[in-house]
Structure formats: structure tokens, C-alpha cells
Amino acid sequence: MNNIKIKSKNLNVYYGDKQALFDVNLDLNEKEVTALIGPSGCGKSTFIRCINRMNDVIDICKVTGNIEMDGMNINDKDLDVVSLRERVGMVFQKPNPFPKSIYDNISYGPKIHGKGETKSELNQIVENSLKKSALWEEVKDRLDEPGTSLSGGQQQRLCIARAISVNPEVILMDEPCSALDPIATAKIEELIDELKKTYTIVIVTHSMAQAVRVSQKTGFFHLGKLIEVGKTEKIFKNPDNKMTQDYITGRFG
Amino acid sequence: MNFVLLFLITIFSLSLFFYGRSKTKSISIEKNIRLNALPKFYGYYLVLWCSIPALVFLLVWSLFEPVIIKSIIIETAANQGAIFSDKNEANLIYEKIKAIHLGTYFGDIDSILRESALAYAKFINLFTNSKVVLIFGIIIASVIYSLKKIKNNNKARDDVEVILKGLLFVSSLIAILTTLGIIFSLLFESIKFFSVINVFDYLFGTNWSPQRAFVRDASSITAAEFEELKDAFGFIPLIAGTSFIAFIAMLVAVPIGLFSGIYMAEYASIKVRRISKPIIEILAGIPTVVYGFFAALTVGPFFRQVGENLGLTVSSESALAAGLIMGIMIIPYVSSLSDDVINSVPQSLRDGSYAVGATKSETIKQVVIPAALPGIIGSVLLAVSRAIGETMIVVMAAGLAANLTINPLESTTTITTQIVMILVGDQEFDSPKTQSAFALGLTLFIATLILNYIAQRAVKKYREKYD
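Chains G and L, in that order, are what the protein sequence lines are.
Residues in the first sequence are numbered consecutively from 1425, following my numbering.
Residues in the second sequence are numbered consecutively from 4, following my numbering.
Be careful, since some hints might not be right.
Unchecked claim - In silico lysine-lysine, DSS-like type, Cα no more than 25 Å apart, as pairs: (1) G/Lys-1539 <-> G/Lys-1621; (2) G/Lys-1518 <-> G/Lys-1501; (3) G/Lys-1543 <-> L/Lys-368; (4) L/Lys-363 <-> G/Lys-1539.
Worth flagging that the hints you see were computed from the coordinates, not collected in a lab.
Quantities reported herein were computed from a predicted structural model and do not represent experimental measurements.
Using the sequences and the hints given, assemble the complete structure.
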């Protein structure tokens, strides 16, 4: 059993008057993949956006309760969001490379955090990130081409490389394969398997099969509540909760 | 008379709508057949057939009637013994005859004029009567035709579609033809001008003093006069003044407009945005003449006062005052266009930047602005073409003398100002001075056309990126 990396206690999230998460208590283990499943609008994405405080971007969003990473309170008002996001990277549903070159897409993060002061250090970071995201071989000869010129799957791996570039501890993935074809999806899943050796990964997915393939732990959300959480094997083989059972067998959602 | 006719046509075609609708309904019930279209389409069909031919006829007739009557009357007057040597005198006589007919002429009336006035009255009567007869003839013919079609259960829906398509086509044709007409009138007058003044003397001359061109008739110009004229129409001071003032205006409008656009798009809360955006857009709604007297009466003298206190000579009509006010006028264009462009940068790009730990200003500077840049350039270029074409402010605040200067405190002039100066008051239309206005107009038109083209290309390129 790995150490607990992130721990949420009675986490509540409100969008204006509407409550999106109800008392979520969820622990994420270090160097493990945790999958979050559940029907659309159940709060999975809202939950992972609490981990890197992306909800700050939304004016009307209010978060209460506790969420800790290595004992540090993420929800603390005085917390430096910039250094939090340096430690917690994120990959989005739709590949969102910047309209810049492949090189600049990767070097963007390190430059922001003052890493890679010399050109050669920066080159090294870019190369390492692209290698870790299994994109290096495909793009090494065209680093100055725009990131948007890549295929969808390559773009998503570019975004993963961008997340890796600042050397985070946790990577959040919000349905990273929903816009990709099966081949590109397979590549990303392979990559996730590789990345979990170094990083703690949380992945939101609508595909049960993907959850089974990539994750060690699975949480099932419904209507803003965490219904059940446990080892992936157990959740999919014999869940304790009737609702989980219904969802994974496709009877609702 | 025309209004009565229009009214009658309207009433008649409206009643035909109801007739057509109920008639086809009853036919379908009586003969127990399925109509080829809903009854209302038969109503539309009748309306269109009843009104369009008659209206088109009325329009064409109204365009040509005065011309034809005029030529007939002038000819009769000539036959009566009226003497006129050229077109202008003929026109004068025609106007006199018309005035006599209307009873508004108070000069001496000789027998020629009296006879012609009687003839005029006769022709007017004849034309009006035949117009009415013809219109009713056309209406009756087209109504009979369309009623017959309807009785045969025609495909009224398709026919209405075809007629409507034709109508829409004609409307766009009119818009296009108007544009072409304007371009050609500019072009022909400019050609006349360039037949007197060499294009290169015009484009590269550094002296603009068209008041020297007192020559009456461009076609009978003497060599001495030509020498005099040759360097009176130098375009350089005007384009220099125009660009200079536009440059000062952009210096004001681009930073303020862009920054306020960024603020509106990225920082302002919904509440602030809802209040402040319309306020900024009010700036765009102020008539330019108001900006003009603000520039001429408030800002210009203010600069002069300040300049005097600092020991500088500032002309009370200065490029600085005009440019500054023009810049303020343009702010809302830059601001609201760049606001739109920045808003259309997908949120996912911002999220991507925040997610690696960038702050808001870093994200704006390094991701949002570069992504929006083509659109921002487009908005700036549109603002430039607006600045170049602006007239009222510069007429009132920039001065009239064509100084070739880069001192913003001196007065300078622009293309549009000069066009106004040339065409204000009574003008001989065949003097090079007047024709130079058309040449200036053409040059201005081409300049703004090129700018607009570049701007649209930039905006289009931007759009392709995120679709």
C-alpha cells in the first residue's frame, strides 16, 4: 500500500446557490492511478479541479472543507496557487496546445517558474518531457512547427508533456481520451501506465474499460456525492453499493 | 398622383391576397382536388404579380418622364423661336417654362415662353393620363394572367420562391451597381484630372495649392497655364498630413483601446462590464462634428495656452489636437473589437496556461494576446482606415494649409479636409481644381480599400484557427 498523497475531508463545493459536491472524503495514494467515474455532472471534474485550485478561475465557485497534499492545506486562502500548480499538473478533456511552436508549448511552464535558465537546460527539459510523454520520436525534427499542426492524439500527448515539463508530483487528467480515437487512446493509456512510476495520477473517465485498464483505485460519484471508493478490481467485480453496481453494468447513467 | 397610384396598387394587391386565398380554397373543395400549395401561397402569388410589374413600370416611368418631357419642351421652345447657345441656357429656359406652368414665375413672359408653357401643360397632362392608363392596363393584364394560372392549380409555392429570389437578387444588384457607379464616377473624373496633371507630378509633388488653378476649362489650357499648374497638385503633403494625424490618433487609440479591451474581457466582473461597456460605446455614438468643435474650441486653445507657458509656439489648429481627439473617437472601435477578439480565445487555452502555474497577467501576455493577435491587428487596421477617412475633426481642428511638417504643434492638413475645401461653395466642374477632389477621393478610396482588405484577411486568418 502506497502512502496517501492527497486527502480530502468533508469537501463541499458550491457554484452560486447550487451545491456541486457534498462532503467528499477521498484519499489518493502516491504513485498510483485513481480513476473517478460517474454520470455527467456528478462532480468528478469539480473534485479534481479542487486539487489544483482551478475552480478559482470561476467567480461564483466556493469551496469549503479540507483538502490536503502531504499535510499542506490546499484550500488555504494564503496558499501560493502558482507553486501549487507547479506541483499539481493538469491535462484537459480537449487537447489545448497553445498556438505556439511545439518547443514553446513545452518550455512555457519551465520559463514561467524560472527553470532552465540556459538554452541547453531548457532544451534538455523539452527533450525529457517529450520523451516521457512518448512523443519525442515523432516530433524531434519539427520542434518549431505549431503545436496545433499535430494530430489529436499527438496534441494530447503534447499537453501531457507540457504538464510534465514543470516536474509536478501529481497529474490530474480530465477525460483525457474523450476526444481521441481508439489507437490514440491506447497510446495514452500505455503512457499513463508508464507515468504512474513517477507521478500520482487522478483520471476522470466515462469509459469503464479504461478505468479497469489504467487504475488501481476507483471512486464512483453520483449527484455530487462520493458513493463508493475502493480498489478498482473490487469496485468492478463486487461493489458494495447497489448504485455502483447499476452504473458499471450500464443500467443507468 | 404617384402616391395615389401607389396607394391604389397596395390596396388592390392586398385585397387580391384574400381573394386568391379563399378562391383556391373553395376551388379545392368544390372540385375535390388537392392543391399544389397552401392557399396562402396563391394569395402571395397574386399579390406579387399584381404589384411588382406595376411598381417597376411606375419606377421606370418616373425616372424617364422628366427627361423626355424636358427634351420635348426644349425642342418646342426652339421651334417657337427661343434662342439658346448651350445646354445651360436651354436648361434655364426649361426651368422658366416649368415655373410659369406652376405659377411661380414673376419675370416678363413673352409669347415664346407662354406658348411653351401651354405646350408643357399639355404634355404633362398627356403623360400623366397615359401613365394611369398604362398602369391599370398592366395591372389588369398581370392579374388576368395570374388568376388564370391559379385556376389551373399551378405550383404557387415554387413560383413565389422564384419571384422572391428574383427580388432579393435585384436588391443586391442595386447595392453592387451603386458601388460600381461611385467607383466609375471617381475614376472618370480622376482621368480627366490626370489628363491635365501628370500622375507622377500628382503622386510625388511636394506642393499642394489648388487655389492657383483658376483655369476655367481644362480642355483649353495654355502652355503657360500648364507650367503654373504643374506643381500645384502635389499629393505628398496631404498624405503626409493624413498619415501623421492618423499616427497620432493611433498612438492614443491603440494602447488605451487595447488595454480597456483587455480589462473588459479578462478582468472586469459581469457587473462592471454591463455598465462600462455601453459607456465606452457611447463614445462611438457621439457625432464627429461634436468631437470636431471640442477639438477646435477646447483642446486646440488649451494646447496653445500650455505651449505658451512652456515657451513653445503652438498653432491653435494643430495636428496634435486633431490627432488626440480623433484617437479618443477611435478608442471604442479598438476597445470593443479587441474585446470581442479576446473573448473568442477559447477558455481552454487560458486553463492550459493556469494549469502549469502561470498567473493571470502572464497568461494574458503570453497566451491570450498572441492567440488574439491577428484579430487585434485587424481591429487596429480597421481603426486606421477609419482615422484616414475621418473628415469633420480635421476640417475643424487641423488647419487648411498644406504644410509638409513633422512638428505636431504646427497646423497641417489631410486629404479629406482638402476635398471639403475644394468642393465647398460654387464650383466650376471642369476646372482641374475641382477634378483634383475626385483624384483625392480615388486615392483615399484605394488606400482605405487596401487597409480594409488587409484587415479582413487578418481577421479571417484568425477565425480559421479556432473553427
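A quick look at each hint next to the structure:
1. G/Lys-1539 <-> G/Lys-1621: Judged against 25 Å, a Cα distance of about 23 Å means the pair holds.
2. G/Lys-1518 <-> G/Lys-1501: violated, 30 Å
3. G/Lys-1543 <-> L/Lys-368: holds, 22 Å
4. L/Lys-363 <-> G/Lys-1539: holds, 19 Å
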